[in-house]
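First to last, the protein sequences are chains V and B.
Residue numbers for the first sequence, in my numbering: -3 to 328.
Residue numbers for the second sequence, in my numbering: 203 to 530.
These aren't lab readings, by the way, just hints derived from the structure by calculation.
Keep in mind it's a predicted model, so treat the numbers as computed, not measured.
Don't be surprised by glycine CBs; every beta carbon is placed ideally from N, CA and C.
Don't take every hint at face value.
Facing chain B, from chain V, some residues (calculated, C-beta under 8 Å) [to be verified]:
1) Arg19
2) Ile133
3) Ile137
4) Thr139
5) Ser141
6) Arg144
7) Ile271
8) Leu297
9) Val300
10) Pro301
11) Ile307
12) Cys311
Partial list, computed: chain B residues near chain V (C-beta under 8 Å) [to be verified]:
13) Ile318
14) Ile321
15) Gly326
16) Thr327
17) Ile460
18) Phe492
19) Ile502
Restraint-style ranges between C-beta atoms, simulated for each label pair [to be verified]:
20) Ala346(B) <-> Leu42(V): 38 to 44 Å
21) Ala507(B) <-> Thr38(V): 45 to 51 Å
22) Ile116(V) <-> Leu221(B): 28 to 34 Å
23) Thr38(V) <-> Leu221(B): 52 to 58 Å
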Amino acid sequence: MSDVGFNQTSRDLPDRLQSPVVRAFKSWETLLLAVAIAIFITNSFLSPYFLNAWNLSDATFNFTEKAMIAFAMALLIVAGEIDLSVASIIALASTAMGFALQFDVGVVGLVLIGLGTGLICGGFNGFLVTGLGLPSIVVTIGTMSLFRGISYIILGDQGFRGYPSEFSYFGQGYVWWVISFEFVLFAVLALLYYVLLHRTNFGRAVYAIGNNPTGALFSGIRVARVKFILFLLTGLMSGVAAICLTARLGSTRPTIALGWELEIVTMVVLGGINILGGSGSIPGVVIAAFVMGLVTFGLGLLNVPGIVMSIFIGCLLIGVIALPRLWSIWRA
Amino acid sequence: MIRILKSREALLVGVILALTALIASRFPAFIDPANLVNVFTDTSPLIILAVGQAIVILTRCIDLSVAANLALTGMVCAMLNVAYPGLPIPAIIAVALILGALLGAINGILVWKLTIPPIVVTLGTLTIYRGIIFVISDGAWVNAHEMSPAFTGFPRAEILGLPVLAWIAILTAAVFFVVISRTPLGRAFYAVGGNPHAAVYAGINVGRTQFNAFVLSGMLAGLTGYLWVARYSVAYVDIAKGFELEVVAACVIGGIAIAGGAGTLMGAILGAIFLGIIKNALPVVGISPFWQLAISGAAIVIAVAFNARAGRTKGRIILKRAEVEAQA
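Looking at chain V on its own, in the form it has when it is part of the complex:
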């Protein structure tokens, strides 16, 4: 991944450190949070239906499933790799669950099959990238076709329906009042990934690998193993998302989650993760998830069609990255 795009600005070391307060104020996360608040305020002025607890709760479904994958993807991108096959893993995991439905495996069985399929797919990607030493962007463009292709082979133009009613809790259930199960899961996963990336040796290793894989190897980090685990994690998260999405929709089709990989990468990059690896934070991704969810939901309330929202998302992605660079050019 780090090979694509040579235009990396050099990482200059400052001659003295900034004070933590100034640094926090000037950080990407603060900028993003300001954007999120601005969108929230604009939304509440533009639509009278926006400020409603149930409405806001509904809005979270726009991003919770994608964000779950985005957390794992963030770690992978920090480590200098990428996984474009995540949406196809959702399709395959969902297909596997639908297939298992015919054998009366029960809710626990369905969940295990969803997670297991995700892990197997992630492991396959991980093996190709770390075992054979192939570039992840190409590998996952290939497995993206492969995994969804298998769904097409199994399903054709058919679909699976008839998931048990207890299963639908994962996508439609509420834990307390308007707090949905998916939102709780999102929050828990955000916390887990925050701890994993920012508070453990494993997280340190991920940053080290993204900044300098050779240096990391010489520092005693098992680079290939860490990367393999990261691919397993994105696979697993795709399995989790597949369970939530399938439960929410109540059906499986081979076109499920089509095009999500690009939205997830957009979310991660918008969250301040450097696409070339080495830097970024989980709180950034969390705020980016809210920004994307708020934008699409707000526009939806204004009856803006989904495809037009994509213009806003695209401009947001390029704009948020371009603005600081324009600013530094203008100041120079």
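Please arrange chain B on chain V, whose structure you already have, making use of the hints.
Frame of chain V, contents of chain B only:
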């Protein structure tokens, strides 16, 4: 001689011939000249786009916006044709080339002047271009009966038994073969991808070269936009959706290194033909078209594995594992 025989291109030619022979042994109608012309014509858009994408990948970039560019330019051409049915075809083609190049230039400027990673830029413009199609067309389709016969007839007109669409693919391949292998610009593409730092010292402007690659890729995408819309006689928001990855796949199968600097146009073209044969042969052989995605996916994975094996030189240093890691 041995080098030619061992090359990726020779391997692909071999695989394509073997695949065709295999299909022909059970279904002789497949190698009927008329059918082969059909297969080639069907593959022509992929070939034209693969040529542009190959140039972009050579310079260490990637253009994910080609399919969106194609769809937007195609829609603009179709709407122009509806509004001004008398507009001559050369004018339409000029519009397609210029608009396509302009959309490519937007990618190029962002990569060159703002040094945003190409994958991020083209992810963004991909969604923006698709959205713009909806805005200008209001989500409506432009159908066959609204287009003028000259507009839809052009790519299908036959010269010496081949449709114009196929001729354009051949012409594109020929022109860019010369550009890549016989001009300073072509050298620059390889130099920038092979070693950007060395390229700077050789007096090559890396950013500008990448910009040029994006403009060329955009121009070809625009041209394909008109040809696509005219050939299928329909324009709507979702045409060629997801096609960008098939184009990248053709390049990768053809041996264009994703890390830039290595590979040939011929390889990319053969990669496109390989995918085209698979797509066209499945219905003939009686395999459900639902298998197509999985088969091309498997082909990509296998081809990448081959690429890596071919490109791995034996290191002389003691810490060989470290070197392999650094490459991965």
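Verification of the hints:
1. Annotation: interface hint on Arg19(V) violated; nearest CB of chain B at approximately 23 Å, more than 8 Å.
2. Checking Ile133(V) against chain B by beta carbon gives a least distance of about 6 Å; that is within 8 Å, so the hint holds.
3. With its C-beta approaching chain B no nearer than about 5 Å, Ile137(V) sits inside the 8 Å limit, and its interface hint holds.
4. The beta carbon of Thr139(V) is positioned within 8 Å of a beta carbon in chain B (closest approach about 6 Å), and the interface hint is therefore held.
5. Of the supplied interface hints, the one on Ser141(V) holds, with its beta-carbon coming within about 3 Å of a beta-carbon of chain B, less than 8 Å.
6. At about 6 Å, the closest approach between the beta carbon of Arg144(V) and any beta carbon in chain B falls short of 8 Å, and the interface hint on this residue holds.
7. Interface hint at Ile271(V): satisfied, since its Cβ lies 5 Å from the closest Cβ of chain B, which is below the 8 Å cut-off.
8. Evaluation of the Leu297(V) hint against chain B yields a violated restraint, the C-beta minimum of about 18 Å exceeding 8 Å.
9. A distance limit of 8 Å between C-beta atoms decides the matter here; for Val300(V) the minimum to chain B is near 10 Å, and the interface restraint is violated.
10. A cut of 8 Å between beta carbons decides the hint on Pro301(V): the least distance to chain B is about 7 Å, and the hint holds.
11. For Ile307(V), the suggested interface contact is upheld, since its CB lies about 3 Å from the closest CB of chain B, less than 8 Å.
12. At a threshold of 8 Å, the smallest CB-CB gap from Cys311(V) to chain B is about 6 Å, leaving the interface hint in force.
13. Look at Ile318(B): its Cβ gets to within about 5 Å of chain V, closer than 8 Å, so that hint holds up.
14. At its closest, the beta carbon of Ile321(B) sits 6 Å from a beta carbon of chain V; the interface hint therefore holds under the 8 Å criterion.
15. Restraint check, Gly326(B) versus chain V: the minimum CB separation of about 4 Å is within 8 Å; hint holds.
16. Given hint, Thr327(B) at the interface with chain V, holds; its Cβ is 7 Å from that chain's nearest Cβ, closer than 8 Å.
17. Satisfaction of the interface hint for Ile460(B) is found here, the shortest Cβ-Cβ separation to chain V being roughly 5 Å, below the 8 Å cut-off.
18. This hint holds: Phe492(B) has a C-beta 4 Å from the nearest C-beta of chain V, less than the 8 Å allowed.
19. The restraint placing Ile502(B) at the interface with chain V holds, with a minimum CB-CB distance near 3 Å, inside the 8 Å limit.
20. Take Ala346(B) and Leu42(V): their Cβ atoms lie about 40 Å apart, and the range 38 to 44 Å holds.
21. Between Ala507(B) and Thr38(V) the C-beta distance comes to about 49 Å, which sits within the given range of 45 to 51 Å.
22. With their beta carbons about 29 Å apart, Ile116(V) and Leu221(B) fall inside the hinted range of 28 to 34 Å.
23. About 56 Å separates the C-beta atoms of Thr38(V) and Leu221(B), a value consistent with the hinted range of 52 to 58 Å.
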